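Trainee: If you follow the hints, you should be able to join the two separate chains into one complex; please do so.
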Amino acid sequence: MNDLYIQNNLVCRSSEIWKNKALFFKSEENDDLKAFLKKAYQYIEMDYPKFFKMDNLSKLAILNFEILIQNEKIQDPALVFANSNSSLDTDQKFQKSTATFASPALFVYTLPNIMLGEISIKHTLRSENIFLISKEFNPSLYTQYVSQLFQDKNISETVCGWVDLHNSEYDVLLCRITRNGEVKFTEENLQKLYDQPHE
Amino acid sequence: MISPMSDLHIELKASIIEQLNLEDINLDEIENDEPLFGDGLGLDSIDALELIVLLEKDYGIKLNDPQQGKEIFNSINTMAAFIEKNRTK
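So the protein sequences, as listed, match chains A and B. In this text, residue positions in the first sequence follow the working numbering: the first is 1, and each later residue adds one. In this text, residue positions in the second sequence follow the working numbering: the first is 1001, and each later residue adds one.
No wet-lab data here; the hints were simulated from the structure. Computed from a predicted model, the values in this text were never measured in an experiment. Please note that the accuracy of each hint is not assured.
[Claimed, not checked] Which chain B residues face chain A? A few, computed with CB under 10 angstroms, are given here:
no.	residue
1	Q1019
2	L1020
3	E1023
4	I1025
5	G1042
6	E1056
[Said to hold, decoys possible] Straight-line C-alpha distance at most 27 angstroms; calculated DSSO-like pairs for lysine-lysine:
no.	chain 1	residue 1	chain 2	residue 2
7	A	K19	A	K73
8	A	K19	A	K192
9	A	K50	B	K1057
10	B	K1085	B	K1070
11	B	K1057	A	K93
12	B	K1062	B	K1089
13	A	K50	B	K1070
14	A	K93	A	K39
15	A	K96	B	K1062
16	B	K1057	A	K34
17	A	K93	B	K1062
18	B	K1089	A	K96
19	A	K122	A	K38
20	A	K96	B	K1057
Backbone N, C-alpha and C define an ideal beta-carbon position, used for all residues, glycine too.
Pulled out of the complex, with its shape left as it was, chain B reads as follows (with noise of 0.2 angstroms):
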């Protein structure tokens, strides 16, 4: 299990910020367990689309079932630890 304020976690919300344009938003207002879509950070559809970009791109891993995306995006955690556990570089 990975700490809650890992390097991992801080290098996932730059990258978030960054690749999305969240052009107001600081790495604080993140919190860990925030819903990424809907209430939370309010990502859309096309961030979705980025969002798995960004896992092949920066960490090698592809998404063959979309509808994965649904748990693996809920928050940094979920992101963090499929991250963690499916990383190729």
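Same shape as in the complex, but just chain A (with noise of 0.2 angstroms):
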């Protein structure tokens, strides 16, 4: 595990995007959700009208992921994500919709490993994924399995997310881990960027 490396680094909670520790993007305050992702959809200059077909959830992971990879060349990332509420969000609108007429396309987003599906499409991706479902941010679920992944895959990089999404609070960690680098993908540097303030 030793030789892996945090190369880049995202977070994005309460209408901020911060790359790197610095501020990426700023909307705001009183700005919901929709609001937010659309401002910084158009911010990045996207071009991608799936997007807005999508639930907030996985909006928030390919917006984020785009930021993360932005000017970068990657190399079929794997992709180890997690969050604690999986699709509730989701899951309560489509019910909601059951009532009267059971809605199709927020059926497709009721499942969380779907944001997984998503960024794959968007970036031909055929690499290994994994969703995982944990009562908090854990960064040895990370670390765990990614230097296996890394050891038995034998790949070039993975993208580790958090991306977790309740009552419109959202909170969001992403990490490209590489071979090379300077700060090492340990599971105490993973819980410094994920408590990072933001001052």
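Mentor: See the structure below:
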């Protein structure tokens, strides 16, 4: 595990996106999640109409993934993602729709790992991916699984993600893990990134 | 026969944009005879299911044979003609 490094990181919370500890994008404080996501989409000139058909959880994942890898060449990264609230936000919306006419477009997002599919389709990834559910952010989930992936599958890189959404509160941490870099891929460093204050 | 500029055409375009989250498309960008799937608006299979729901919810039309959808959802014109003929509300 000691030869793995955190090359880039991104944190997205409370209408702000921070990349490598520098403020990348900030929306109006009173913007709701939908408005925040649309403004960030326009800011990075994403031009991917399918974005607007996704649920908010997948939007959070694909948008922040784009920013994490912006101006960089990726090599079919494995995706190791997790969260605490699964797809509850969309599950509730879908359940509400079933009272009248169940929405197929909502139904397809009633699994959190759909975000991995959306990222993989956008970037034509054929890599390994897994989505884990954990009560809270747990760096050991990532370090153990990712180390095993690098060892067993001889991969070049992985993107680790915590993409959580509940009651309009969102919490995103993405880290690009490679064999080269300066910040070692350890539980302590992952936790520090997750805990980082934005000041 | 309904007019190509009928309220139903306009209503359908607005419903499709809203229901299918076509955020970057305006009403006047959808041609009445433009294919909705494939090279036209580029709708997909999930959108087709949403259109079936839209027919039932807004016009009281229940499609019993999904194969019918291919002809009905060809364009705004074909949708409007089908709705005009079969609507129950």
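Trainee: Does K1070/B lie within 27 angstroms of K1085/B when you go C-alpha to C-alpha?
Mentor: Answer holds: K1085/B to K1070/B is near 17 angstroms, not above 27 angstroms.
Trainee: Would you mind confirming whether the straight-line C-alpha gap from K19/A to K73/A stays at or under 27 angstroms?
Mentor: Distance ~17 angstroms between K19/A and K73/A Cα, so the pair holds.
Trainee: What's the verdict on K1062/B and K1089/B, does the C-alpha distance respect the 27 angstroms limit or exceed it?
Mentor: The given pair, whose Cα atoms are some 12 angstroms apart, holds under the 27 angstroms limit.
Trainee: Hint check: K1057/B vs K34/A, CA-CA at most 27 angstroms. Holds or violated?
Mentor: 25 angstroms, holds
Trainee: Does the structure keep K93/A and K1062/B at a Cα separation of 27 angstroms or less?
Mentor: 23 angstroms, holds
Trainee: For the hint on I1025/B, just tell me whether its beta-carbon gets within less than 10 angstroms of chain A.
Mentor: 8 angstroms, holds
Trainee: Is the hinted pair K19/A and K192/A satisfied, with a Cα-Cα distance of at most 27 angstroms?
Mentor: 14 angstroms, holds
Trainee: Are K96/A and K1057/B close enough, with their CA atoms no more than 27 angstroms apart?
Mentor: Distance ~15 angstroms between K96/A and K1057/B Cα, so the pair holds.
Trainee: Quickly compare the C-alpha distance for K50/A and K1070/B to 27 angstroms and report which way the hint goes.
Mentor: It holds: about 22 angstroms lies between the C-alpha atoms, which stays within 27 angstroms.
Trainee: Is the hint on L1020/B kept, meaning its closest Cβ partner in chain A is under 10 angstroms away?
Mentor: 7 angstroms, holds
Trainee: Take a quick look at whether K122/A and K38/A sit within 27 angstroms of each other, Cα to Cα.
Mentor: 18 angstroms, holds
Trainee: For the pair supplied as a hint, K1057/B and K93/A, confirm whether the alpha-carbon distance does not exceed 27 angstroms.
Mentor: 17 angstroms, holds
Consistency note: the structure conflicts with none of the earlier hints.
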